[in-house]
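Trainee: One letter stands for each residue in the lines below.
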Amino acid sequence: MGILKKLFKQKQKTPEQFNSHAWSHLMLSGDIRDNISRLNEIMNHSSDLKSREFNLAGSSRRAAILFVSTLANEDMIQEHILKPLIMESAVFNTRGSMDLNDIRNSMLSADSIQIVESFDDIVLGVMAGDTILTIQGYDKGILIHTRGNQGRTVGEPATEPSVKGPQEAFVEILKINIGLIRRRLLDPNLCFEMHKMGRRAKADYVIAYMKGIANKELVSEIKNRLSVLDVDGQATTAQMMRMIVDRPNSIFPLIQVTERPDKVVSALSEGRVAILMNGNPEAVIAPTTLPILMHSSDDYFENWMIASVIRLSRMVGVFVTALFPALYIAVTAFHPDMLPINLVLSITSSRMGVPFPAYVEALLMVFTLELLQEAGIRLPRVVGQTVSIVGGLVIGQAAVSAGIVSPLMVIITSITAVASFTVPDYSLGLALRFLRVPFMILAVTLGSFGVAMGMLAGLTYLASLKSFGLSYLEPIGTRYPSDWKDGMIRGSLWSMKKRPKELNPEDPIRLSKRKREKNRE
Amino acid sequence: MAVPSILLLCIIFLSGCWDQMNIEQRGFVLGVAIDAYPPAPAKEEGKKPGETPPEEEMELEIMETHTGKPLYALTVQLPILRKSSQPSEGGTSGGGGQDSNTWDITQIGNSIYSMNRELLSRTSLALYYEHLQVIVLSDRIARQGIADVLDFFTRDPEMRRRVRVFISKGEAKSVLDVTPRVEEYASMYLSKMPINATRNSRMVHQTDLGEIIIAMHNDFSFILPVAQSTKDEIKISGAAAIKGDKMVGWVSELETEAVKMIQNRYLGGVVTVSSPEKEGAIEVLEVTKAKTKITPLIKNDEITMRIKIMAAGNYAEHVQKGVQNTRVDTLIARLQQEFEKEIAKNCAATIEKFQSEYKTDVFQFCQILQAEEPAYWEKISGDWEDHVFPGMNVEIEVDVTINLTGSTR
Numbered sequence: 001m002g003i004l005k006k007l008f009k010q011k012q013k014t015p016e017q018f019n020s021h022a023w024s025h026l027m028l029s030g031d032i033r034d035n036i037s038r039l040n041e042i043m044n045h046s047s048d049l050k051s052r053e054f055n056l057a058g059s060s061r062r063a064a065i066l067f068v069s070t071l072a073n074e075d076m077i078q079e080h081i082l083k084p085l086i087m088e089s090a091v092f093n094t095r096g097s098m099d100l101n102d103i104r105n106s107m108l109s110a111d112s113i114q115i116v117e118s119f120d121d122i123v124l125g126v127m128a129g130d131t132i133l134t135i136q137g138y139d140k141g142i143l144i145h146t147r148g149n150q151g152r153t154v155g156e157p158a159t160e161p162s163v164k165g166p167q168e169a170f171v172e173i174l175k176i177n178i179g180l181i182r183r184r185l186l187d188p189n190l191c192f193e194m195h196k197m198g199r200r201a202k203a204d205y206v207i208a209y210m211k212g213i214a215n216k217e218l219v220s221e222i223k224n225r226l227s228v229l230d231v232d233g234q235a236t237t238a239q240m241m242r243m244i245v246d247r248p249n250s251i252f253p254l255i256q257v258t259e260r261p262d263k264v265v266s267a268l269s270e271g272r273v274a275i276l277m278n279g280n281p282e283a284v285i286a287p288t289t290l291p292i293l294m295h296s297s298d299d300y301f302e303n304w305m306i307a308s309v310i311r312l313s314r315m316v317g318v319f320v321t322a323l324f325p326a327l328y329i330a331v332t333a334f335h336p337d338m339l340p341i342n343l344v345l346s347i348t349s350s351r352m353g354v355p356f357p358a359y360v361e362a363l364l365m366v367f368t369l370e371l372l373q374e375a376g377i378r379l380p381r382v383v384g385q386t387v388s389i390v391g392g393l394v395i396g397q398a399a400v401s402a403g404i405v406s407p408l409m410v411i412i413t414s415i416t417a418v419a420s421f422t423v424p425d426y427s428l429g430l431a432l433r434f435l436r437v438p439f440m441i442l443a444v445t446l447g448s449f450g451v452a453m454g455m456l457a458g459l460t461y462l463a464s465l466k467s468f469g470l471s472y473l474e475p476i477g478t479r480y481p482s483d484w485k486d487g488m489i490r491g492s493l494w495s496m497k498k499r500p501k502e503l504n505p506e507d508p509i510r511l512s513k514r515k516r517e518k519n520r521e
Numbered sequence: 001m002a003v004p005s006i007l008l009l010c011i012i013f014l015s016g017c018w019d020q021m022n023i024e025q026r027g028f029v030l031g032v033a034i035d036a037y038p039p040a041p042a043k044e045e046g047k048k049p050g051e052t053p054p055e056e057e058m059e060l061e062i063m064e065t066h067t068g069k070p071l072y073a074l075t076v077q078l079p080i081l082r083k084s085s086q087p088s089e090g091g092t093s094g095g096g097g098q099d100s101n102t103w104d105i106t107q108i109g110n111s112i113y114s115m116n117r118e119l120l121s122r123t124s125l126a127l128y129y130e131h132l133q134v135i136v137l138s139d140r141i142a143r144q145g146i147a148d149v150l151d152f153f154t155r156d157p158e159m160r161r162r163v164r165v166f167i168s169k170g171e172a173k174s175v176l177d178v179t180p181r182v183e184e185y186a187s188m189y190l191s192k193m194p195i196n197a198t199r200n201s202r203m204v205h206q207t208d209l210g211e212i213i214i215a216m217h218n219d220f221s222f223i224l225p226v227a228q229s230t231k232d233e234i235k236i237s238g239a240a241a242i243k244g245d246k247m248v249g250w251v252s253e254l255e256t257e258a259v260k261m262i263q264n265r266y267l268g269g270v271v272t273v274s275s276p277e278k279e280g281a282i283e284v285l286e287v288t289k290a291k292t293k294i295t296p297l298i299k300n301d302e303i304t305m306r307i308k309i310m311a312a313g314n315y316a317e318h319v320q321k322g323v324q325n326t327r328v329d330t331l332i333a334r335l336q337q338e339f340e341k342e343i344a345k346n347c348a349a350t351i352e353k354f355q356s357e358y359k360t361d362v363f364q365f366c367q368i369l370q371a372e373e374p375a376y377w378e379k380i381s382g383d384w385e386d387h388v389f390p391g392m393n394v395e396i397e398v399d400v401t402i403n404l405t406g407s408t409r
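As you go down the protein sequences, you meet chains A and B in turn. Numbering-wise (this note's numbering), the first sequence opens with residue 1 and increments by one. Numbering-wise (this note's numbering), the second sequence opens with residue 1 and increments by one.
Derived from the structure by calculation, the hints contain no laboratory data. The reader is advised that the hints may include incorrect statements.
[Said to hold, decoys possible] Simulated pairs of lysine to any residue, SDA-like, Cα-Cα distance not exceeding 20 Å:
hint, chain 1, residue 1, chain 2, residue 2
1, A, Lys202, A, Ser69
2, B, Lys192, A, Ile341
3, B, Lys192, A, Ser69
[As the list claims (entries may be wrong)] Computed spacing ranges between beta-carbons, pair by pair:
hint, chain 1, residue 1, chain 2, residue 2, range
4, A, Phe434, B, Glu64, 52 to 60 Å
5, B, Leu7, A, Gly392, 42 to 50 Å
6, B, Arg334, A, Ser346, 49 to 57 Å
7, A, Ala375, B, Ile11, 32 to 40 Å
8, B, Gly210, A, Asn342, 17 to 25 Å
Quantities reported herein were computed from a predicted structural model and do not represent experimental measurements. Where is the CB? At the ideal position from N, CA and C, for every residue including glycine.
Bound-form chain B, shown alone (with noise of 0.2 Å):
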């Protein structure tokens, strides 16, 4: 009994602690910019020229290495916490939140994980990314090509697949360095926004790291969330088009909405056309759920995307010239042609930007073609994005419903 239990004991003191580390010694990354250095000096002098960041920090910020030169900037954000146990004094709470709630570090390098690493040699924290909740990447980092930089990400087994990925007008640093006005972390705020997408489609959500993993070992091109910021607010305003793992162009808001409506990923969002009744008016459609379904038709090795879009919502607003009566039973029928004229108009030229314009399929059609006419895929595989995805032709029928008129008539 007394040889059992004293290698037990054994086992438990011997081989215990190895990992321990006590929560407030760890510092949780909150968010990642990754910038490209040396930061294009044109732009940033024309833009803010006192803002560049004194020698004496740059010298703290620039690693030795052993291969190679600098190439990224990497910033990370650690929240700042203050002991919450002492009462707040009255200043801090009430003072508008001046002084940031987070310390954004820059190291410059050229890899991911080193730089990380060198990130320890100036904070006494340990940094723990399982709390990683946003990946800003510049756009001149995205046209360079995401695989590079994200691949520490997908690697390293402390990160989680639901970490968002944002692309950023400009610089990357810039984005996490606002200071919200409602949440704590810039991060929070940024990871948080996609929530809204059931009622705003000009948001692109569900691009976390495990999709784009997904999407780019299957070579298939997609869009990724754009993060533009001030210096309080941060806005998603449209997304960037990526083909392979390199930015092509950048996608505006609208087109976005009609590539997510395209996707069948619209949850919900707002169309607006000019009345057909009145000069001038507008009207507009709260979008409340819609289905896409496409059918790829070939004929004589030519593709025709059938798109067929169902779209139902409630009339939202009637906007100028006077009071909309609803009743007029024609009203009605006449507003859902408007509105599927719209919604059709849009997609159809979205898809031809795509086609004409960046030559990259973010419908991501390649995987219905490849599912519903593999005996075809096999044989225009290698040339779909370049030719045949832009000489595919497109038939889009939309068919919208008005379910409910709101509350006054």
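So that you can see chain A by itself, here it is in the shape it has in the complex (with noise of 0.2 Å):
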């Protein structure tokens, strides 16, 4: 116990240790072999820290930049900061003298420059790709901005392909995410308030938010629970997210996770709030609800009844998810009387010759669906064939043959496979297999009785469930009757005027028809 107590009493401190940083409260000194020195120091002189000593202008002053090589567009170092700063800006330096004002002023091309003085600053825009730049003499420098953005391009979403509508998907790099939404948004009300996140490694998140329309309760509530948050350094936007929702340990999704700029302009229009973090590809946004996660993007670009008769048949891929093995085994152990005559003779004569019961055959099948899934994830691409080949001839057609499971179990297994993908959202699809085994369970045990109970226990936890405040089932129930148009099914879009009522937005109004000029000549 003893030792316990002590290891625990070791932990507790090493956050302070990491707060307390032993450099946050040092300051710039006016000389720069100090200060370059020192922050090498801070970095534990880092193989890409590089930092490079100059004359000011054609005078004696001296300079230096310092920035991390692998981090900062060194195409930019060059033209904006050391070409004027040591050639040109020499033929306009007639005075001979120059203070930080001149060189910030009229000396450096670069777009976006900062005063510092403390190297917590530095520290963090040097970290990020910045180039601090400190002068003999002076005790403040500038840290200008000179982020390289390598990475991805923008390119197709993976996870939520649809078949209208744009084909971007956010990239790692928060800039170019943050343009992909204003791109759609060209509202000055469109709100990105960057923060950073983590104690140890800090990391830019913005809130992304509609002024004027997003519920300003909503919005600092968010912004409350994840000031809250004090963490290593968070390697995803779902995962911090994950944490400040209402039910951390519910299976389903309390938020959206997605990769299309669309959807989340979409959602901001609504009313709703996004986040997103440096180096994540994909946007989180809250509040969101269970008949949300069933939309998809493709809805909105096809007639509304078409879109409906879609949406309502993707409800039933989510029952077919879940409950068909359950169902079957419930009627063929409990209740064969209610299937009609002939199907039964032909469910019971599949199932002549097959060793197991109903049940066993089913979770044997269940869970090869998903070592299959789970291996077609995993394997690389080139050799990804090989498991559909494997999983769908071989285990498929030999199980049959061999007479291991009966041929009725693969039909019910492959439509519940089929009915998975038809889930968009894919943590969703996720929670519904996972249900698949306890729902199992009770058919196993209670026939459908069970199952209609498991479905009454399901249903009354979905309607216990709030993300970020707003019941999960929503608009499913009669609070709010207007919002049934975009619900389980889409309305024509004349009909959808006002925003969600369920997101309590500040301006209603989304759609109104203008008076058409009469005199119009």
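Two chains, two frames, a set of hints: combine them into the complex.
Mentor: The following block contains the structure:
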């Protein structure tokens, strides 16, 4: 016990050490050598931290720039910092003397600069790819924005493909992602509030919302919850958001993670809030509801009747994914009287000679399906085809002819698999796949009564869930009947004159018909 | 949290599974045939002397009973399912269906329920009656009373109300023993036949267990379809008239047609008359619609049933003696008259037969009387079938409309 306590004590100490960095209160000095060596020391003489000393504008005043070569855009440093400072400004500099303001105002041609004093700001900036300019005799430096945006180019959405509509997906660079949103929403009220997250590694994240549409309480609630987080540095936005949702242990996704800028844009203009973090090719939208997770952006490109039917068939897919194997077990083991006689006889004859009871058979096949799906994700694309051949043909066909499973079970499994892919939200699909097994256990023990009870319990649970204060099943239910138009079905666009009431937007009207000018000639 | 979840698991795993049984372990009884026991000896020997079951088999079939002598022979039909996952070997599919797809097990005893349980000692399958299609009762059983044997089927919760009931001419088991050509199982063959009642009204339809229970509980008489069988064929030939719960006699096919028409259950059929135009020719009417309205008229304690039948149909066929030109204006009108006469004649003869011979009101006129003349019904209800019904007058009025004359004129 004593040892444990000791360990705990030590652990509790560690955060303080990191918070009180040795350098966090240090200020720049007037000596550039001093500054260079201090920064080198803070960064542990990292090999990619480069410094360059030079004489300023042909004079004898020494200056130095420091940057992380792996992050900064070196072309830009040469073109906009070194060249003007060393050569070009010498031509204009007739006074012979200059101060920091002169340098800032007339000598640097970089587009974004900032005067800094403390090493706290300097270290964060340099680590993000900025360049620090320090000049002999001044205890202030200039932090110049030279971040290089190296990374993937904007590509097609891989996990949320759509037939029509924009085919762009977020990339890992926050700046580009913000641009993708901004480009679609030319509204000055679109706010991107930049924050930093993480105790050790600081990551930039933005909270995006539409001022005047998004409910103020919602925005401040999300900000408050995020500010409470004190973590080492969050790898992904989704992780960060999962920690601050109303029920972190729920298997149902209480946030919407998307890689499609158009989804974010429509969410923002409905009055929801998006969070994007540097290094993550996805945005998190909050709050979200179950019906919203069942929407696909394709729904909005088609006629509303067609889109509604497609949306409803997706809903059927939800039930099939979670319940089909369970219902098969319940019907074959408890209630064959629920089926027409011919079907009963064909099921029976297909089960002739199968050595396992229906539930073992079903568990076997569901487990195999999970393995296949997992293998399909993990395998390198080159050998990916092997899985489909081995999985589809060998396991399906061979298991039947070997008499281990009945052909009907293979059909059930494949229908379940196909149905699970109709769920647009990947996390929701996973939750439904997870639910399959408890439902199967209920079916084995209590038959379709058990399945019905399970559904009841599931529905109760879903109804109790909340995503940032919004009921998870909204707009199913009678609280906001006007939101039904874009819930289980998709109403015609003309009918959706108001933003979803459930979000309590500050500006409820989003669409109205202008009066046609009659006397136009 | 731990306690409720443990309790929940207890509920699921301790109280679950009690009626679980895998589908392949269940024997779905498709049809039931009930014969009287012992079989009539003279008939049996006279018909097929070689077919009496051998001694050993009889020993299996007779059960020990607590009380009483064996009265019934219960035959249940179970489907023989072959493993479908294996590709079928060439011989079995094209072999003409010589070996039966069904296993008909007979048990002899004196209560259907105990016989049913006794059967479990002879099969590895658990018998389930949820998918029961037909019940076939032999005419001997029907004459003894069907209520006794149907009680099990009406009382047991596994049964459905939609089970069809047939009376067999002769042994009931032989109807189930048929090896049908198209259908896989004789029970399905038999239960699907009344689908054709829209085109052939010589078959009684709507005679499921539920209907019979209602009729028996109200003390109505009714008719049940009669099934006749050969080795590979079943025919629904007419009906059997049931009074109370006992069969009183056979009803021919034409009479069945008339009964259905009077009961307003006629869905469509055929009427033929000899041609009014040409000697020896036959004219055929396809009746597509028939509606019957019955009004009881009571005068001085004498009942007259006024039966008004409105039938509509198409001129379907002209048989023999050359071409019939339907463009002749008067022809259709005369044909309509002929058909009207024929239908009226058939109905009158049928009612007459039931009045005089069987004294059985299978038309269920009593129901109409009860509804429309309750005071009168009160007076005569005890005496209805034996005295009042046979002495009842009938007025039949038929109105036939020919709508179409077919593709040729």
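Trainee: Compare the structure with each hint and give your call.
Mentor: Verification of the hints:
no. : hint                             : verdict
1   : A:Lys202 to A:Ser69              : 19 Å, holds
2   : B:Lys192 to A:Ile341             : 12 Å, holds
3   : B:Lys192 to A:Ser69              : 85 Å, violated
4   : A:Phe434 to B:Glu64: 52 to 60 Å  : 56 Å, holds
5   : B:Leu7 to A:Gly392: 42 to 50 Å   : 43 Å, holds
6   : B:Arg334 to A:Ser346: 49 to 57 Å : 55 Å, holds
7   : A:Ala375 to B:Ile11: 32 to 40 Å  : 37 Å, holds
8   : B:Gly210 to A:Asn342: 17 to 25 Å : 22 Å, holds
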